[in-house]
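**Student:** Sequence:
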Amino acid sequence: MSLEDGLFGIHGKALALRSQRLSLLASNIANASTPGYKARDIDFESALKEATTRQGKSPADVSQAVDDAMGYRVPLQSSLDGNTVELSTEQTLFAENAVKYRTTLSFLEGRINTITRALKGE
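The opening residue of the sequence shown carries number 5 in the working numbering; numbering runs sequentially from there.
Derived from the structure by calculation, the hints contain no laboratory data. Be aware that one or more of the hints could be misleading.
What the hints assert, rightly or not - Below are the BS3-like pairs computed for lysine-lysine, each with C-alpha atoms no more than 30 Å apart in a straight line:
#1 Lys53 x Lys124
#2 Lys42 x Lys53
#3 Lys42 x Lys104
To be verified - The calculated label-pair distances, taken between Cβ atoms and stated as ranges, are:
#4 Ser83 x Ser50: 26 to 36 Å
#5 Ala36 x Lys124: 30 to 40 Å
#6 Ala122 x Arg77: 13 to 23 Å
#7 Arg121 x Met74: 34 to 44 Å
#8 Glu126 x Asp85: 16 to 26 Å
#9 Gly40 x Ile14: 20 to 30 Å
#10 Asp85 x Asp65: 50 to 60 Å
#11 Ile33 x Asp65: 50 to 60 Å
#12 Asn117 x Pro79: 38 to 48 Å
#13 Asp65 x Ala102: 17 to 27 Å
Even glycine gets a Cβ: it sits at the ideal position worked out from N, Cα and C.
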């Protein structure tokens with residue numbers, strides 16, 4: 005177990021995964037009108053499980069977990085130009101992920117503040 009895992013537990017890796025998912029969803033939104041663009045997403049639960057599970061002697065790298073858990077989104081309604089981005093779906097997922105990112109960040113900030121106070125002897 006690394007020092008980071010001991011201090012932050014699963015939350016450090018969750019924050020990194022949520023950050024990468026925000027970037028991916030933002031890319032989907034930015035390409036909503038690009039012909040032939042295929043919307044991608046991360047299966048967050050699967051990526052988190054892989055990032056925190058020990059394979060061999062060390063935890064999987066977060067970027068490797070993202071690559072392994074990434075897939076293409078199947079649209080509810082197909083578009084004539086081959087683009088699979090459904091803007092309302094992407095915006096909803098982006099907002100949901102942003103709230104979860106902020107929640108994880110707040111938890112980590114609280115943890116760091118607690119450790120800082122303990123080191124100062126407060």
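**Student:** Next step is simple, just say for each hint if it's right about the structure.
**Tutor:** The hints, checked one at a time:
Distance hint between Lys53 and Lys124 is unfulfilled; the C-alpha atoms sit about 35 Å from each other, more than 30 Å. For the proposed pair Lys42 and Lys53, the alpha carbon gap of about 25 Å is at most 30 Å, so the pair holds. Note on Lys42 and Lys104: the hinted pairing holds, with a Cα-Cα distance of about 25 Å set against a maximum of 30 Å. In this structure the hint that Ser83 and Ser50 lie 26 to 36 Å apart at CB holds, the actual value being about 27 Å.
For the hinted restraint 30 to 40 Å between Ala36 and Lys124, the CB-CB distance of approximately 49 Å leaves it violated. Take Ala122 and Arg77: their Cβ atoms lie about 44 Å apart, and the range 13 to 23 Å is violated. Hint check: Arg121 to Met74, Cβ distance near 39 Å, so the stated range 34 to 44 Å holds. For Glu126 and Asp85, the Cβ-Cβ distance of about 60 Å falls outside the hinted range of 16 to 26 Å, so the restraint is violated.
In this structure the supplied range 20 to 30 Å is violated for Gly40 paired with Ile14, their Cβ-Cβ distance being about 37 Å. The given range of 50 to 60 Å is broken by Asp85 and Asp65, whose C-beta atoms sit roughly 36 Å from each other. Hint check: Ile33 to Asp65, Cβ distance near 27 Å, so the stated range 50 to 60 Å is violated. The beta-carbon spacing between Asn117 and Pro79, approximately 43 Å, falls within the hinted interval of 38 to 48 Å.
One distance hint, 17 to 27 Å for the beta-carbon pair Asp65 and Ala102, holds here, with the actual separation near 24 Å.
The structure fails to meet hints 1, 5, 6, 8, 9, 10 and 11 from the earlier list, while all remaining hints are met.
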